[in-house]
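Peer 1: My request is simple: use the sequences and hints to build the entire structure.
Respectively, the protein sequence lines represent chains A and B. Sequential numbering from 1 applies to the first sequence in my numbering. Sequential numbering from 1 applies to the second sequence in my numbering.
Simulated from the structure, these hints should not be mistaken for lab results. In this text, all values refer to a predicted model and were calculated from it rather than measured experimentally. There could be a bad hint or two in this list.
As the list claims (entries may be wrong) - Straight-line C-alpha distance at most 20 Å; calculated EDC-like pairs for lysine to aspartate or glutamate: (1) A:Lys63 - B:Glu20; (2) A:Lys307 - B:Asp46; (3) B:Lys26 - B:Glu9; (4) A:Lys74 - A:Asp130; (5) A:Lys307 - A:Asp70; (6) B:Lys3 - B:Asp63; (7) A:Lys63 - B:Glu9; (8) A:Lys53 - B:Glu9; (9) B:Lys3 - B:Glu48; (10) B:Lys10 - A:Glu58; (11) A:Lys392 - B:Asp29; (12) A:Lys395 - B:Asp31; (13) A:Lys307 - A:Asp259; (14) A:Lys395 - B:Asp40; (15) A:Lys48 - A:Asp131; (16) A:Lys307 - B:Asp29; (17) A:Lys63 - B:Asp31; (18) A:Lys63 - B:Asp29; (19) A:Lys3 - A:Asp85; (20) B:Lys32 - A:Glu58; (21) A:Lys53 - B:Asp7; (22) A:Lys392 - B:Glu34; (23) A:Lys392 - B:Asp7; (24) B:Lys26 - A:Glu396; (25) A:Lys344 - B:Glu34; (26) A:Lys87 - A:Asp273; (27) A:Lys63 - B:Asp41; (28) A:Lys48 - B:Asp7; (29) A:Lys377 - A:Asp290; (30) A:Lys63 - A:Glu36; (31) A:Lys48 - A:Glu297; (32) A:Lys74 - A:Glu58.
Stated by the list, open to error - Label pairs and their in silico Cβ distance ranges: (33) A:Asp92 - B:Val36: 32 to 40 Å; (34) A:Asp342 - B:Asp23: 26 to 34 Å; (35) A:Ala39 - B:Val36: 43 to 51 Å; (36) A:Asp209 - B:His13: 43 to 51 Å; (37) A:Glu396 - B:His13: 18 to 26 Å.
Even for Gly, the Cβ is constructed at its ideal location relative to N, Cα and C.
Single-letter residue listing:
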Amino acid sequence: MSKSVVIVGASMGGLRTAEALRNAGFTDNIAVIGDESHAPYNRPPLSKEVLAKEVTHEAVAFKQRQQTADVVWKFGSPVVDANLDAKTVTTDDGETFSYDGLVIASGLRPRRLDVPNGNVTGRHTVRSLDDAIGLRAALVPGARVVVAGAGFIGCEVAATARGLGCEVTAVAIDEYPMVRPLGPTFAADLQARHETHGVQFRLRRGIADLEGDGALTGVLLDDGELLPADVLVEAISSHCNTEWLNNTNLDLSNGVLADRALRAVTVDGNSVDGVHVVGDLARFANPLFDDVARRIEHWNIPTETGKRVGPVLNAYLSGEGYDELVAQPFTPMPSFWSDQYDLKIQGFGMPALADEIAIIEGSIGGELVMGYYRGGKLVGVVGIGLTSTLMKLRKELMGDA
Amino acid sequence: MLKIYVDMEKCQHYGQCVFEAPDIFKLNDDDKLEYVATADDSRRTDIESAIDVCPMQAIVLQD
Ligand SMILES: Cc1cc2nc3c(=O)[nH]c(=O)nc-3n(C[C@H](O)[C@H](O)[C@H](O)COP(=O)(O)OP(=O)(O)OC[C@H]3O[C@@H](n4cnc5c(N)ncnc54)[C@H](O)[C@@H]3O)c2cc1C
Ligand code: SF4
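Peer 2: Printed below as a string of C-alpha cells:
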C-alpha cells in the first residue's frame with residue numbers, strides 16, 4: 001500500500017526534507033501544508049539586499065527541482081491540531097490529513113513587544129515575505145526608524161534602513177549589539193562600525209511604551225527618553241510555532257526535542273518513530289560540541305536537518321535499513337553569515353558557548369577572525385573577510401584538521 | 001552534461017560551495033570564487049548540495 005508523508009510548514013525546512021525524501025528513493029505521497037500563501041522562499045535577503053531593492057516573491061523563491069514536481073503543496077492553510085495516535089493532522093478549515101510519516105517544519109514567528117499603547121500603526125516585524133513588503137514601503141528617505149532588538153536581524157535592518165536614507169536608532173537591553181553570539185570585543189567593534197554609518201544606539205534600555213493615537217509618533221524608553229518615530233521594527237526574539245502540537249505528548253519546552261535521528265521525543269523521553277523535526281524548531285544535541293540539546297536558528301540547519309530526515313524516514317517507511325541509519329551520529333556544523341553595509345560577517349560553530357575569546361588573525365576595525373574557546377577547545381569562529389583562514393578553522397571545528 | 005552558472009553579482013565569495021563540490025568550485029589565492037561551467041550528469045547531487053549551502057543563492061544549474 002502506498003504511504004503518505006505530511007510535512008507541516010512550507011518553507012526551507014519543509015522543502016529540503018521533501019527533496020531529501022525523494023533523493024532517498026521515497027516515491028509515494030508527500031503533502032506539504034503551509035500557512036503562508038507563497039511557495040517556499042529564502043528569508044535572509046528579506047533583511048538585506050532584497051529589502052534594499054524590490055521585495056518580490058520571484059527575487060527570493062527557491063527553484064523547484066524535478067524530483068519534487070509531484071509533491072502536493074497546500075498553501076494558506078494553517079495546521080491547528082495533530083493526533084499522533086490516529087496519525088492525523090487537521091487544518092483550520094477542518095480538513096484532516098492522514099500520515100504514515102510526519103515532519104514538523106513550522107519554524108518560528110517574531111515575538112512582539114507587550115506595551116500598553118500597542119494599538120498603533122507603524123509596527124513591523126521581518127520574518128515573512130509579506131512582512132518585508134510592508135516594511136519596505138515604510139522605509140522612505142527621512143523616515144525615523146526605531147529598531148527594537150540589536151541581534152543580527154535587527155542590525156541588518158538598521159544597516160539597510162540607513163542605506164535607504166532613514167534615520168535609525170537601535171534599542172536593546174544588551175550591552176552591545178550582537179553581543180550574545182559574538183562576545184563584547186567583536187560586538188563593540190561592530191557597534192562602532194554601525195555608528196560610523198550613522199546608526200544611533202540606546203543600549204541597556206528597554207521599551208516601555210509607544211506614543212501615538214492611530215499612527216506611531218514615538219517610542220518611550222524605560223529611562224523616560226522619548227524617541228520620535230514613524231516606524232518601529234520589532235526584532236526582539238521569537239516564539240516557536242508549536243501550538244498545533246499542544247494535544248500531543250511531545251516535549252515542547254523549547255521548540256521540539258529531537259533525538260539524533262531527529263525523531264520527536266515525548267515528555268517521557270521516548271522517540272516517536274515516523275515523526276521528525278527539522279529547521280529552527282529542532283532541539284537536538286550535536287556531538288561536535290556536547291550532549292546538550294539546543295535549537296540552532298541558522299540558515300544551514302533546515303537543509304542539514306532535512307537531509308538527515310529524508311533517508312531515515314524513507315527507511316522507516318520502507319522497512320529497510322532503518323536501525324543502521326538511526327544509529328548514525330548527526331553532527332551538522334552550524335554556519336551563519338550576516339551582511340551589514342559592506343561587512344560580510346561569516347561564522348561557524350557555536351561561539352555563544354565560549355568562556356574565552358581571542359583574535360586569531362587581523363585586528364579590530366579591519367578584517368579579522370575571532371576564535372571562541374570553551375575549556376581551551378575551539379568551539380566557534382567568526383570573521384570579517386579572511387575567508388581562507390575561516391575555512392581552515394572550520395575544518396578544525398569539524399575535527400578533521 | 002550539466003551547465004553551471006554562478007551569478008557573480010550575487011556571489012560574495014563565502015566559499016561554502018567549495019565544501020560540497022571541490023572539483024567544481026574553488027577559492028583562488030585572492031579568496032575569489034572560480035568554478036567550472038560544465039559537469040557530468042553524475043555530479044548533480046553534489047552540485048545541488050552546493051546550491052543548497054550557498055548563502056547568496058548565486059548558483060544556478062541549467063538543465
Ligand atoms: C529576516 C531574516 C534574516 C535571516 N538571515 C539569516 C542569515 O543571514 N544567516 C543565517 O544563518 N540565518 C538567517 N536567518 C534564519 C533562517 O532564515 C532560518 O533559520 C530559516 O528560515 C528556518 O527555516 P525553517 O524552515 O525551519 O522555518 P521557517 O522558515 O520559519 O518556516 C516555517 C514555515 O511554517 C509555517 N507555519 C508555521 N506554523 C504553521 C502551522 N501551524 N501550519 C502550517 N504552517 C505553519 C510558517 O509560516 C513558515 O512558512 C534569517 C531569518 C530571517 C527571518
Ligand atoms: S557559496 Fe555562493 S556566495 Fe559562496 S562562493 Fe559559492 S557561489 Fe559564491
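Peer 1: CA of Lys392 (chain A) to CA of Asp29 (chain B), is that 20 Å or under?
Peer 2: holds (14 Å)
Peer 1: May I ask you to test the hint 43 to 51 Å on the CB atoms belonging to Ala39 (chain A) and Val36 (chain B)?
Peer 2: This hint is violated: roughly 31 Å between Cβ atoms.
Peer 1: Taking 20 Å as the top limit, are the C-alpha atoms of Lys10 (chain B) and Glu58 (chain A) close enough?
Peer 2: holds (15 Å)
Peer 1: Does Lys3 (chain B) pair with Glu48 (chain B) here, judged by a C-alpha cut-off of 20 Å?
Peer 2: holds (12 Å)
Peer 1: Decide if the proposed pair is consistent with the structure: Lys74 (chain A) and Glu58 (chain A), CA atoms, cutoff 20 Å inclusive.
Peer 2: holds (19 Å)
Peer 1: Mind checking the alpha carbons of Lys63 (chain A) and Glu36 (chain A) for me, to see if they're no more than 20 Å apart?
Peer 2: The hint holds at about 17 Å.
Peer 1: Is the straight-line distance between the alpha-carbon of Lys392 (chain A) and that of Glu34 (chain B) 20 Å or less?
Peer 2: Holds - the C-alpha atoms of Glu34 (chain B) and Lys392 (chain A) are around 18 Å apart, at most 20 Å.
Peer 1: Please test the hint of 43 to 51 Å on the beta carbon pair from Asp209 (chain A) and His13 (chain B).
Peer 2: The hinted range 43 to 51 Å holds for Asp209 (chain A) and His13 (chain B), with Cβ atoms some 45 Å apart.
Peer 1: Under the criterion that the straight-line Cα-Cα distance not exceed 20 Å, is the pair Lys63 (chain A), Asp29 (chain B) satisfied?
Peer 2: Distance ~32 Å between Lys63 (chain A) and Asp29 (chain B) Cα, so the pair is violated.
Peer 1: With the threshold set at 20 Å, check whether the alpha-carbon distance from Lys3 (chain A) to Asp85 (chain A) stays at or below it.
Peer 2: holds (17 Å)
Peer 1: Taken at face value, is the distance from the CA of Asp7 (chain B) to the CA of Lys48 (chain A) at most 20 Å?
Peer 2: Holds - the C-alpha atoms of Asp7 (chain B) and Lys48 (chain A) are around 17 Å apart, at most 20 Å.
Peer 1: Please work out if Lys307 (chain A) and Asp46 (chain B) have their alpha carbons no farther apart than 20 Å.
Peer 2: Judged against 20 Å, a Cα distance of about 13 Å means the pair holds.
Of the numbered hints stated above, those contradicted by the structure are hints 14, 16, 17, 18, 20, 23, 33 and 35, listed in ascending order.
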